[in-house]
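Trainee: One line per chain: the protein sequences are Z and X, in this order.
Letter 14 of the first sequence, counting from 1, is numbered 42 in the working numbering, and no numbers are missing.
Letter 44 of the second sequence, counting from 1, is numbered 34 in the working numbering, and no numbers are missing.
Please note that a few of the clues may not be correct.
Stated by the list, open to error - BS3-like, lysine-lysine: derived pairs with alpha carbons at most 25 Å apart: (1) Z/LYS70 to X/LYS10; (2) X/LYS56 to Z/LYS126; (3) X/LYS31 to Z/LYS138; (4) Z/LYS30 to X/LYS31; (5) X/LYS10 to Z/LYS126; (6) X/LYS10 to X/LYS54; (7) X/LYS31 to Z/LYS73.
Said to hold, decoys possible - Coverage of chain Z stretches by chain X, computed from C-beta distances (three or more under 8 Å per stretch; other residues unrestricted): (8) 71 to 77; (9) 129 to 139.
Simulated from the structure, these hints should not be mistaken for laboratory data.
Beta carbons are placed, not taken as given, at the ideal position from N, Cα and C, and that holds for glycine.
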Amino acid sequence: RKEVEQDPGPFNVPEGATVAFNCTYSNSASQSFFWYRQDCRKEPKLLMSVYSSGNEDGRFTAQLNRASQYISLLIRDSKLSDSATYLCVVNPRAAGNKLTFGGGTRVLVKP
Amino acid sequence: GAVVSQHPSRVICKSGTSVKIECRSLDFQATTMFWYRQFPKQSLMLMATSNEGSKATYEQGVEKDKFLINHASLTLSTLTVTSAHPEDSSFYICSARDLSGRTYNEQFFGPGTRLTVL
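Could you put the whole structure together from the sequences, leaning on the hints where they help?
Mentor: Pasting the structure below:
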């Protein structure tokens, strides 16, 4: 079983719609969680950290469910520029500062 | 946010040659940098953790004699792919943590180096 698993998609989303997807992690001791965004042939960029109480940044909402070991990302009012691969990233407690990446969920926003 | 650069951005080389990739933190000091590899349509896989002034820590399955890492200063880490072969063709990305202030827990990624071995 992979340490961090994501639905690869693609999620085809009409412009203006809402899309949500999850990521599951296997290490129950994982400490920190992030969503990164990666555009084609580019480096990943931090979208947002995920806090235990859930957090929102503009049109993006992230939630953490420790009991079921998953995190989620919701994008409201999707823009064409939201088209990208969204990487779920986990920092397992025992791994120090190392990050474990999920395979990514591809989102395509269409007019 | 903090800036990490990589050089070169793209390299094409013949099989059997060695390629050096540089990773620099431009506006902060990084005692630790990370090297990742990403094959097409796959996620980033951590290859090694580069520690300033000491030996790198390699992930399981990564050959330390093939992927030489040197972290000689607080702003520069280099990855040398020795005797490169076509299967080493990949997107190599480095990252660094900025230990100061607000961005303490964030890793900043370089723009990546696309290596093609013929």
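Trainee: Each hint needs a verdict: does it hold in this structure or not?
Mentor: Evaluated hints:
A C-alpha spacing of about 20 Å is found between Z/LYS70 and X/LYS10, which places the hinted pair at or below 25 Å, so the restraint holds. Between X/LYS56 and Z/LYS126, the direct Cα distance comes to roughly 21 Å. Compliance with the 25 Å bound is thereby established for this hinted pair. Proximity of X/LYS31 to Z/LYS138 is assessed by CA-CA distance (about 21 Å); at most 25 Å being required, the pair is judged to hold. Distance restraint check for Z/LYS30 and X/LYS31: the Cα-Cα separation of roughly 16 Å lies within the 25 Å cut-off, and the hinted pair is therefore satisfied.
Only pairs whose Cα atoms come within 25 Å are accepted, and X/LYS10 paired with Z/LYS126 is accepted, the gap being roughly 23 Å. Between X/LYS10 and X/LYS54 the CA atoms are separated by roughly 14 Å; this keeps the pair inside 25 Å, and the hint holds. Proposed proximity of X/LYS31 and Z/LYS73 is supported: the alpha carbons are some 17 Å apart, at most 25 Å. Closer than 8 Å: that is the beta-carbon criterion, and the segment 71 to 77 of chain Z has 5 residues meeting it against chain X, so the requirement of 3 holds.
With a threshold of 8 Å between beta carbons, the proposed coverage of the segment 129 to 139 of chain Z by chain X holds, since 4 of its residues qualify and at least three are required.
Going down the numbered hints, you'll see the structure goes against none, and every one checks out.
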